[in-house]
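Chains as they are written, first to last, in our numbering: chain A, 389 to 639; chain B, 2 to 269.
Please keep in mind that the hints were generated in silico from the structure rather than gathered at the bench. Treat the hints with care, as some may be off.
[Said to hold, decoys possible] Below, in silico cross-link-like pairs of lysine to any residue (SDA-like), each with a Cα-Cα straight-line distance of 20 Å or less:
| # | chain 1 | residue 1 | chain 2 | residue 2 |
| --- | --- | --- | --- | --- |
| 1 | A | K393 | A | G412 |
| 2 | A | K527 | B | A180 |
| 3 | B | K234 | A | E501 |
| 4 | A | K498 | B | Q148 |
| 5 | A | K527 | B | F174 |
| 6 | A | K521 | B | N22 |
| 7 | B | K154 | B | M140 |
| 8 | A | K498 | B | Y223 |
| 9 | A | K498 | B | K154 |
| 10 | B | K74 | B | F174 |
| 11 | A | K527 | B | M140 |
| 12 | A | K498 | B | D233 |
[What the hints assert, rightly or not] Just so you have them, the derived chain B footprint on chain A, three or more residues with Cβ under 8 Å:
| # | stretch |
| --- | --- |
| 13 | 493–504 |
| 14 | 516–530 |
[To be verified] Residues from chain B that keep clear of chain A, each with C-beta distances beyond 12 Å, as calculated:
| # | residue |
| --- | --- |
| 15 | L15 |
| 16 | S19 |
| 17 | F24 |
| 18 | Y47 |
| 19 | K49 |
| 20 | E51 |
| 21 | I82 |
| 22 | N99 |
| 23 | Q148 |
| 24 | E172 |
| 25 | Y193 |
| 26 | M218 |
| 27 | L220 |
From the three backbone atoms N, C-alpha and C, an ideal C-beta is built for every residue, glycine too.
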Amino acid sequence: MSHHKVILNNVCFTYPDGKNALNGINIEIHHGESVAIIGANGAGKSTLLLSLVGILFPQKGEIRIGEMPVTKKTLNIVRQKIGFTFQNSDEQLFNSTVYEDVAFGPRNYKLPEDEVKKRVEKALEIVGASHLKDRPPYKLSGGEKRSVSIASVLSMEPDILLLDEPSSSLDPKARRKLINLLNQFKHTKIITSHDLDMVLDVCERTIVIGNGQVVADGNTFEILNNGELLDKYGLEKPFVLQGCPICSNKN
Amino acid sequence: MINIKNSIYKIRFLDEISQKNTFIHKLHPLVKLIVSIFYIIMTVSYGKYEIFSMMPLLIYLVLVFNLGDIPLKPILKRSLIVLPIVIGLGIFNPILDNKPIYIFHSISISRGWVSYLSLIIKSFLSVICALLLISTTSMDKLAKALQQLHIPKIIIMQLLFTYRYIYVLLEEFSNIWTAYSLRAPNQSGIHYKLWGPLLGQVLIRTYDRAERIYSAMKLRGYNTEFNNTENDKLILKDYIYLIFWIVFLLVVKFYNIPVLLGSIFTGA
Ligand SMILES: Nc1ncnc2c1ncn2[C@@H]1O[C@H](COP(=O)(O)OP(=O)(O)OP(=O)(O)O)[C@@H](O)[C@H]1O
Ligand SMILES: [Mg+2]
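In isolation and in its complexed conformation, chain A is listed as follows (with noise of 0.2 Å):
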């Protein structure tokens, strides 16, 4: 399924008060790539997810997903195919349970009622948020909006998996559920994250990301061990690379 390829071409987005927040990034991930973006604070992760899914609009440069340019007419399209979840899940939830969120996606491409519950509950099973299904999200803990958050795009069943760092907040126990969930996930998925630790045990690929430009890419092993190049921008090696003698020892 080659038209499920991602390619960005020199995009580049200022934001509306004049901020460069990405300088001509360059990037082709290919169909069932799992990619993590890695990066400083500030660096652009999260402007580089929001442009792939049209809420932003590079100013310069192209972005195609699956053949398709992203771009507002496209945009009903594209993202169709599209899981995404926000930085914060605050953003992700706005129904009045946690059911009718995860529910609404589904909902919105018109599939049958028993079709979307059947959905809902196996995207919550999968997150292990089932025992929320009638909670109101705004009572929810961090972790918890987090999950469900997820489940809210799980349950769309998507050719590609957006995720604006999804291990944060979460506990050991959850983000442990989410990693070996994004393992089974066999489409496309690209994440940003700080912990390197899952990008690690997770994609194979990484981009380094330092002001709004891709400084590193390649095999995600390779990147992660180069203590040099994290250095410099921002970030640590993980901790099982760091020849910690109890950590490796489980490798």
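Guided by the hints, dock chain B with the ligands onto chain A, whose structure is given.
This is chain B with the ligands only, laid out in the frame that chain A set:
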């Protein structure tokens, strides 16, 4: 700080009880909407000086409260919001309309007072009816019902978004308030010099978040349709409910039941 978080909880309260699963909640939204509108129309169409003949209208409210398992106090409290308006509206009635009306042999009061009281009762009945509607029917379902009544989409959208963003606005407000009070522990309230900037912040942040939320909706396939809740077909129970209340309201409007009952019991 606690207070403002509390009031958000309370505002969301209606939203929450609208998710219950009682007989009333399970009725078709369209039916509930029509009955409520009809109830309000009938209520306000009572004569200016009628008070006692309106009493049977209470039966509807009491039944919905009970069957819908709706707590009385929070709803009554919310209905007080209209009190100032109503009091203001009718304040001149007693002065302008001061013909006496005899209620008991020789005791008389001015007709203005009666019409004033009647106005207040009507307003409360209508407001409580509307509050009961939204506490037994979620906003999305109501929107769908409005659509089925061929209300223009643009109006329904306005309604839905307003309803959704009120929470966003309040939450942003409470976040800022909390952040402020944590770092200014010795002040009660916010210093007046900061009202301007803080208010500006609230608006900008709300706007931003509203925009993000809207994006999140679009991302999940939202295309200005209300697919988010399926309203089912009307079933027998719905028709019975609808016809029952319409007949009831017409009967109590055109026959003065309290007087009838009174005359039956006194044998007059
Ligand atoms: N709405 C905005 N308006 C103006 N500038 C913004 C806006 N959002 C982000 N920026 C700026 O754009 C740059 C990139 O921000 P972005 O959110 O993409 O960073 P990030 O890599 O996701 O960081 P983090 O790791 O903290 O999430 C930052 O310098 C930030 O200050
Ligand atoms: Mg970010």
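Okay, the hints, checked on the actual structure:
no.: 1; hint: K393/A x G412/A; in the structure: holds (19 Å)
no.: 2; hint: K527/A x A180/B; in the structure: holds (19 Å)
no.: 3; hint: K234/B x E501/A; in the structure: holds (14 Å)
no.: 4; hint: K498/A x Q148/B; in the structure: holds (17 Å)
no.: 5; hint: K527/A x F174/B; in the structure: holds (17 Å)
no.: 6; hint: K521/A x N22/B; in the structure: holds (15 Å)
no.: 7; hint: K154/B x M140/B; in the structure: holds (14 Å)
no.: 8; hint: K498/A x Y223/B; in the structure: holds (11 Å)
no.: 9; hint: K498/A x K154/B; in the structure: holds (19 Å)
no.: 10; hint: K74/B x F174/B; in the structure: violated (26 Å)
no.: 11; hint: K527/A x M140/B; in the structure: holds (19 Å)
no.: 12; hint: K498/A x D233/B; in the structure: holds (14 Å)
no.: 13; hint: 493–504; in the structure: holds (count 6)
no.: 14; hint: 516–530; in the structure: holds (count 3)
no.: 15; hint: L15; in the structure: violated (10 Å)
no.: 16; hint: S19; in the structure: violated (7 Å)
no.: 17; hint: F24; in the structure: holds (19 Å)
no.: 18; hint: Y47; in the structure: holds (35 Å)
no.: 19; hint: K49; in the structure: holds (40 Å)
no.: 20; hint: E51; in the structure: holds (39 Å)
no.: 21; hint: I82; in the structure: holds (21 Å)
no.: 22; hint: N99; in the structure: holds (50 Å)
no.: 23; hint: Q148; in the structure: holds (15 Å)
no.: 24; hint: E172; in the structure: violated (7 Å)
no.: 25; hint: Y193; in the structure: holds (29 Å)
no.: 26; hint: M218; in the structure: violated (7 Å)
no.: 27; hint: L220; in the structure: violated (5 Å)
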